[in-house]
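When you get a sec, could you build the whole thing from the sequences and use the hints?
There are 2 protein chains.
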Amino acid sequence: MRKIKIGLFGFGVVGQGIHQVLGRSKNANAEIIGICVRNPDKPRAVAADRSLFTASPDAILDNPEVDLVVEVIDDAAASYDIVRRALLKGIPVVSGNKTMLARHLPELIAIQKENGVALLYDASSCGSIPVIRNLEEYYDNDLLLEVKGILNGSSNYILSRVFDHGADYADALRQAQELGFAESDPSFDIEGYDSLFKLVIITVHALGAYVAPERIFTYGISTIHDSDIRYAREKGVKIKLVAQVVKVSDECFTMFVMPEFVTPDKYIYSVDDEYNGVVIRGECYDRQFMFGKGAGSLPTASSILSDIMARLHDYRYEYKKMNFLQKPDYTTEITLRIYARYSETDVPHILRFDRIYEQYYSDDSNYVIADVSLSELLAKRDRLRSEDVFLANLTRFFQDRDC
Amino acid sequence: MRKIKIGLFGFGVVGQGIHQVLGRSKNANAEIIGICVRNPDKPRAVAADRSLFTASPDAILDNPEVDLVVEVIDDAAASYDIVRRALLKGIPVVSGNKTMLARHLPELIAIQKENGVALLYDASSCGSIPVIRNLEEYYDNDLLLEVKGILNGSSNYILSRVFDHGADYADALRQAQELGFAESDPSFDIEGYDSLFKLVIITVHALGAYVAPERIFTYGISTIHDSDIRYAREKGVKIKLVAQVVKVSDECFTMFVMPEFVTPDKYIYSVDDEYNGVVIRGECYDRQFMFGKGAGSLPTASSILSDIMARLHDYRYEYKKMNFLQKPDYTTEITLRIYARYSETDVPHILRFDRIYEQYYSDDSNYVIADVSLSELLAKRDRLRSEDVFLANLTRFFQDRDC
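Residue numbers (the working numbering), protein chains in the order written: chain A, 30 to 432; chain B, 30 to 432.
Any given hint might turn out to be false.
Treat identical chains as interchangeable: a pair holds within one or across any two.
[What the hints assert, rightly or not] DSS-like mimics (lysine-lysine), calculated; alpha carbons at most 25 Å apart, straight line:
1) Lys-356 to Lys-32
2) Lys-349 to Lys-32
3) Lys-34 to Lys-349
4) Lys-142 to Lys-118
5) Lys-55 to Lys-32
6) Lys-356 to Lys-409
7) Lys-264 to Lys-409
8) Lys-55 to Lys-349
9) Lys-34 to Lys-356
No lab work stands behind these hints, which were simulated from the structure alone. Treat the numbers as computed from the prediction; the structure is a model and nothing was measured.
Written out as structure tokens, the structure is:
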């Protein structure tokens, strides 16, 4: 059995995790032969051979011994540069950078094809949950109807604190930051961008379609108020930040990320704390639910290990669904039923509602339950956010108990 | 893109499901070119071209056009004969027959290797949940600690009726039979053999080890009494029929199938009705939970479709873990803490307990909570069953919240 020689980019939380995981696995035929970091002399928590470190990407990319580049750096622009260069040189790559992938997948897929070289990235979406691989290999038919889930652990941790432990939102956010779940700038997590980038990647493997992030409605939880939490509690539901891609007809699919009122009969209702949960629904296979740790050093590193091991068998994504003759088109021309809470401003004058079911006014806050088109939400997103409006999805796309 | 030409053996519930699923998938490059059944003239619920049917296996196996044999017949002996002959002729096979596979895997793996031909069988374990494929491909390292789950939908349906709907056991069994979940001879499901055969197959892909079914302790739910159900309800737990393979040390693993008292904090607590749920635990990836429909015509057929599609890309199991240099050995020399309920007989005189924690006597029934070795249970299994003893596992192998 050959041994894969790895050039590692990045030695932060995940990079150190990979080093540890490879050390623990007695049968992993892989070794790290070089580690590129910004500052090779910085002291590290995990002991690694000092001679492996370099600050020069070229020292890795020009080393003919390197069979595989594993890229787990934080900076999307630097990640893109390294991944692109490695692939153009014919070196296969394992990457965990969802921001970079969500922005550059079409080009990186084209380079893979032209150069006959593999790029694997299962760790980029939902950490240890094997979503990409299963969509690519196991659900590799055209019967898929929906992928829906909680894809971001930090925002879910905050919402769990609020709902299960009665914390207030600001305290929960602080706790998440102290535990290292939320970044020092937490907007990436709580505004939904992390979930969005994962959804873009998932959709490539779910339906064979790439949709650029800016075309997708994304609304986070930063505008949540006590009145929203109270409302949800009274109705016996939890507020979760949910990403979904849904086939709304044979010809069309839609995608969005936004808070949702989740009833206790749904699988994702019980996905709490920093966990992720994904429901895959198909025409014949009903619903599959996958649940696990979506982030963290060792769960993410073990997902990277799966991609490394796959390379021992020359595995690559085939992007099979991109070659299907009949593929659905992306649409935002669908109607969602939503809850919209507002205070200062008058939401019915911002959003053109198709139909209003309920309106509530009080000194404290106002809300409306109404139908609105997704394209309308997308067009008004920035204004809604700046006016401190909270939105939650109430739509059921499938009449039976959905996910 | 080439089109796979399928020779189908069996046109029962699953066979008809495959015919339907292939019809619904516009991008499935596969067609059925022959169907072997015992009685080709029998009327069928699903309309298929009459000219495809034959009663002669040779008409399929000798047809040079056939690229793939899909075998979904009920009879394990006939299944073995067909699968073996097909593989020896170099024709790849997709099979869903867990009984046959659990008994003959070592020989069938050897034939695959010698003849360079593939045998796929993801549908054999947990229907639509992709357990085998994930263990083989994604968890293809040596960090796995445990696979544990509810692998049989019929027995779980019965137990759900009893716990969630207050039905009594006999009524629940009758209901399961009326709904087609339990066979007319339900012992296969409720005595744990169906779960056992799936566990044998799963263990080949989880740890690279084959253990013959007769070496594995298997105890079902047929001896359950009202007093057991009452006891479990009082303790706030559910009784589930659980199959598990567990690494108990670096050198050893154990396996068994038996009822378990499941507390509400476990993932499998919420696996109700005819659903299956599997927890995969590893050293670094923590726990993954997969949940879905374990049986039924279309869920099983869609799993078969995944295997058929995999053949379009020449996929085969590599049985990677069988080649690991350091593999754990099977042991039954471990201690389990159990609940044993008895009435007529005196269990402490049948089973040699290591330690007794609780004993309860009443006119109605008696029970004991005690430590006992798995080898002792295996040796006394038939006697316990014949004496109407009910057993439930209480052991926690991992101190944190396990599955």
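Hint-by-hint comparison with the structure:
1. In this assembly of identical chains, the alpha carbons of Lys-356 and Lys-32 lie at most 25 Å apart only when taken from different copies (19 Å versus 40 Å within one copy).
2. In this assembly of identical chains, the alpha carbons of Lys-349 and Lys-32 lie at most 25 Å apart only when taken from different copies (14 Å versus 29 Å within one copy).
3. For a Cα distance limit of 25 Å, the shortest separation of Lys-34 from Lys-349 across copies, 19 Å, qualifies, whereas the shortest one inside one copy, 29 Å, does not.
4. Taking the shortest Cα distances, Lys-142 and Lys-118 sit within 25 Å of each other inside one copy (13 Å), while across copies they are farther apart (35 Å).
5. In the homo-oligomer, the alpha carbons of Lys-55 and Lys-32 lie at most 25 Å apart inside one protomer (12 Å), although the nearest pairing across protomers, at 41 Å, exceeds that limit.
6. When the C-alpha separation of Lys-356 and Lys-409 is checked against a cutoff of 25 Å, the pair qualifies neither within a copy, at 29 Å, nor between copies, at 59 Å.
7. Taking the shortest alpha-carbon separations for Lys-264 and Lys-409, neither the intra-copy value of 27 Å nor the inter-copy value of 53 Å comes in at or below 25 Å.
8. Proximity of Lys-55 to Lys-349 under the C-alpha cut-off of 25 Å is restricted to the inter-copy arrangement: shortest distance 14 Å between copies versus 34 Å within a copy.
9. In this assembly of identical chains, Lys-34 and Lys-356 lie within 25 Å of each other by CA distance solely across copies; the values are 24 Å between and 39 Å within a copy.
In this structure, the earlier hints numbered 6, 7 are contradicted, and the remaining ones agree with it.
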